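Respectively, the protein sequence lines represent chains G and B.
Quick note on numbering: the first sequence equals residues 1 to 108 in our numbering.
Quick note on numbering: the second sequence equals residues 1 to 120 in our numbering.
By construction, these hints were calculated from the structure, which means they are not laboratory data.
Any given hint might turn out to be false.
Unchecked claim - Taking lysine to any residue and the SDA-like style, the derived pairs with C-alpha atoms no more than 20 Å apart in a straight line are:
| id | chain 1 | residue 1 | chain 2 | residue 2 |
| --- | --- | --- | --- | --- |
| 1 | G | 95 | B | 9 |
| 2 | G | 95 | G | 25 |
| 3 | B | 9 | G | 41 |
| 4 | B | 9 | B | 59 |
| 5 | G | 95 | B | 88 |
As the structure is a computational prediction, the values presented were derived from the model and not from experiment.
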Amino acid sequence: AQRVTQPEKLLSVFKGAPVELKCNYSYSGSPELFWYVQYSRQRLQLLLRHISRESIKGFTADLNKGETSFHLKKPFAQEEDSAMYYCALYNQGGKLIFGQGTELSVKP
Amino acid sequence: NAGVTQTPKFQVLKTGQSMTLQCAQDMNHEYMSWYRQDPGMGLRLIHYSVGAGITDQGEVPNGYNVSRSTTEDFPLRLLSAAPSQTSVYFCASSRRKFSMGPGGFGNTIYFGEGSWLTVV
């Protein structure tokens, strides 16, 4: 079964601290993985996709096929990074499957 | 270029009422889909479409109907609203083979702004 798991509902860090939001997936084929961010009551925005290795706002994520993980990282968190983050897997059938989401709270 | 447009943004319904959430995109995308977002559950796929005239069920299709008579529009119908359908609904669209093409943020999935639905 195709599944995306984000084990942390809430992650709270102080400004300037490193951040890692965990994402694990299960998929039999070659995964197409994404991270989306949602600021309060706004639409989801693409943060990065593994296939292009692009990112915005200083976030990176590396696909680890051995561990079936796609963790999101940022070396120094900023207060404006506070948001809901979703890991998602796209299958070739046209479905984008989301994890449960992790709320990141960056304290001053 | 408006992207993905959803209406209405907010709606309150009484149990048993019917309504349609509208979704339109102007990017000539083949794929369109509807998700609902609930606390602690992430986004769950309701229905999706891979092209005009073709629809299929997602994870949580019960209580919802869709149709895709044109490439641009993908309305979501609630035939008899229930309190369990109180949620935030997002429409999304993408090109069919976006993952096969070159990278870049233009080659990806676009979301609407969301529709907040409350069923009382």
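Hint check:
no.	hint	verdict
1	G/95 <-> B/9	24 Å, violated
2	G/95 <-> G/25	14 Å, holds
3	B/9 <-> G/41	11 Å, holds
4	B/9 <-> B/59	23 Å, violated
5	G/95 <-> B/88	19 Å, holds
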